[in-house]
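Student: For chain Z, the structure is supplied; the task is to place chain C on it using the hints.
2 protein chains.
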Amino acid sequence: MRAAVFDSGVGGLTVAKSLIDHGLFDEIVYYGDTARVPYGPKDKNTIIRYSLEALEFFKNFEPDILITACNSVSAHAIEELRQNASFPVVGVIEPGVVAVRNKIQDPDAHILIIGTRATISSGKYEKLLSAAGFSHLTAKPTPLFVPLVEEEIFDGKILEATMHHYFAGLTPDAVILGCTHFPLIADQIQKYFGPQTILIHSGEAIVEYLTNRYGLAPSRKETRLKLFASENPEKLKKIAAKWLGKNFRYSS
Amino acid sequence: MRAAVFDSGVGGLTVAKSLIDHGLFDEIVYYGDTARVPYGPKDKNTIIRYSLEALEFFKNFEPDILITACNSVSAHAIEELRQNASFPVVGVIEPGVVAVRNKIQDPDAHILIIGTRATISSGKYEKLLSAAGFSHLTAKPTPLFVPLVEEEIFDGKILEATMHHYFAGLTPDAVILGCTHFPLIADQIQKYFGPQTILIHSGEAIVEYLTNRYGLAPSRKETRLKLFASENPEKLKKIAAKWLGKNFRYSS
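Residue numbers (my numbering), protein chains in the order written: chain Z, 1 to 252; chain C, 1 to 252.
Honestly, the hints are just simulated from the structure, not real lab data.
Fair warning: there could be bad hints in the mix.
[To be verified] With a straight-line cut-off of 30 Å between C-alpha atoms, the simulated DSBU-like cross-links for lysine-lysine are:
1. Z:Lys237 with Z:Lys221
2. Z:Lys17 with Z:Lys237
3. C:Lys226 with Z:Lys235
4. Z:Lys59 with C:Lys44
[To be verified] Calculated Cβ distances over 12 Å to all of chain Z for the following chain C residues:
5. Arg2
6. Leu52
7. Asp64
8. Ile65
9. Asn102
10. Pro107
11. Leu128
12. Leu137
13. Ala139
14. Pro141
15. Glu160
16. Thr211
17. Glu222
18. Lys237
19. Lys242
20. Phe248
Bear in mind that the values here come from a model prediction, so they are computed numbers and not experimental data.
All residues carry an ideal CB built from backbone N, CA and C; glycine is no exception.
Isolated chain Z (complex conformation) (with noise of 0.2 Å):
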């Protein structure tokens, strides 16, 4: 099986860091549009055309499914990738919605969305939540956290600072890593909630659902990686090196 992996940059390596550990596919082809990231701040139409010229890029490598790991086009442009793709397209709200559900009984539980302008604007994880029964929902957009993971900077003051100007107040049972950055940071955004609060993590979420709606088995087999990007594949790839695990290796 081959996956098609888009995001509008480097973040969504860590939703291929969950397919490659889990052994998902045979090949993953990433592409990151590292040109114009980011898609957090960007208008929904803005977000369509960049998404449907990501597809057509992909369509050359004849995926068996393409996965957007980028929440603001899996918010946004959904819709239209399925329309103009002959693959599934499968994004990652709804999945992190099923992981929800799947993790938490009590519909009452107070479940924080965090994520970009983009995504939060959408509305999409609380229409979804509402319609699985969940009522206490706070929407938040963080749009800090994206520069912050992008400069490296995963603790410290100024995360704390931001951290505090972003959940002062708030005591969640659930929070759900709308962004491919978050991941990153989740240590900290854990810490600062504490051990009871539970967090949604994209990557995980999607492979629980490929795994339960596409009968996709985890396997040990090592997945082979091709890594594109807009503009300064080498960065992409020096990242993918950092963050990825060992069980891949590059091709091309």
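Tutor: Okay, now just chain C, sitting in the frame of chain Z:
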């Protein structure tokens, strides 16, 4: 006189404001590439490509001069723009250096240059400052200030922690605000370093430069302002209404 003002986003309005406040032009055509902002983390080649696209757009208006308000563009694409334009192209880096030379006599003064990664990695400020006889230079990328300003965080704990992160241990005599976003946090930067530190602002520097080099005379005339953006022009207009003074009127 009609000036074209190019920026990667909305930040260049701080430069447009200086041009308007001093009534240098009858008309300013402003174009912000808001769909692809920020340019700061991008490659030289990408910045050149985007800048040449903007130039084609400006040619429709037959400007008398093109001002690249964006430091990243001024650092990387100014030669290419000049080769392809039939009118003068003025960046913000040379005017900034001239302003330092006009304000500071001591060649041993410590000058701190802050900007995006693209601007700082170009080494342009250092090259011109060295040629002007200054030897005690510190060039520091401070990319996090950009999203802070875009999130309208102009003071408070996050900004303080970020300034500490970048500035701890530095005691410059002058600071070049080498990014159009930074004038909006100039008060806090001034407060951090103290009143003896001189801040160099691109907008003010370019007014001085245009007056001296191009014989443009400051006046009290009203400037017609045409605003264009590659995405969300309404947002650009809203920010213009907030940041700019009263001495202009929109035109379309």
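Student: All the hints need checking, so say for each whether the structure fits it.
Tutor: Evaluated hints:
With a CA separation close to 21 Å, the supplied pair Lys237 of chain Z and Lys221 of chain Z stays within the 30 Å bound. Only pairs whose Cα atoms come within 30 Å are accepted, and Lys17 of chain Z paired with Lys237 of chain Z is accepted, the gap being roughly 13 Å. Straight-line distance between C-alpha atoms of Lys226 of chain C and Lys235 of chain Z comes to about 38 Å, which puts the hinted pair past the 30 Å bound. Between Lys59 of chain Z and Lys44 of chain C the CA atoms are separated by roughly 29 Å; this keeps the pair inside 30 Å, and the hint holds.
Residue-level check passed: Arg2 of chain C sits 29 Å from the nearest beta carbon of chain Z, beyond 12 Å. Residue-level check passed: Leu52 of chain C sits 15 Å from the nearest beta carbon of chain Z, beyond 12 Å. With a cut of 12 Å on Cβ distances, Asp64 of chain C stays outside the contact zone with chain Z, its closest approach being about 32 Å. Its beta-carbon lying about 29 Å from the closest one in chain Z, Ile65 of chain C satisfies the requirement of being farther than 12 Å from that chain.
The non-interface label for Asn102 of chain C is consistent with chain Z: the shortest C-beta to C-beta separation is roughly 34 Å, beyond 12 Å. At the 12 Å boundary, the C-beta of Pro107 of chain C stays outside the reach of chain Z, the nearest C-beta of that chain being 33 Å off. The claim that Leu128 of chain C lies off the interface holds: its Cβ sits roughly 27 Å from the closest Cβ of chain Z, which is beyond the 12 Å cut-off. Non-interface call for Leu137 of chain C relative to chain Z: holds, since the shortest CB-CB distance, roughly 23 Å, exceeds 12 Å.
No Cβ of chain Z approaches the Cβ of Ala139 of chain C within 12 Å, the least distance being about 17 Å, so the stated non-interface status holds. The Cβ of Pro141 of chain C does not lie farther than 12 Å from every Cβ of chain Z; its closest approach is about 9 Å, which violates its non-interface assignment. With a closest Cβ-Cβ approach of about 8 Å to chain Z, Glu160 of chain C is found to fall inside the 12 Å limit, against its non-interface label. Chain Z leaves Thr211 of chain C outside its interface by the beta-carbon criterion, the shortest separation being 36 Å against a cut-off of 12 Å.
Non-interface call for Glu222 of chain C relative to chain Z: holds, since the shortest CB-CB distance, roughly 32 Å, exceeds 12 Å. Even its closest Cβ contact with chain Z, about 15 Å, leaves Lys237 of chain C beyond 12 Å, as expected for a residue assigned away from the interface. With a least beta-carbon separation of about 17 Å from chain Z, Lys242 of chain C lies farther than 12 Å from that chain, consistent with its non-interface assignment. With a minimum CB-CB distance of about 26 Å to chain Z, Phe248 of chain C clears the 12 Å threshold, and the non-interface call stands.
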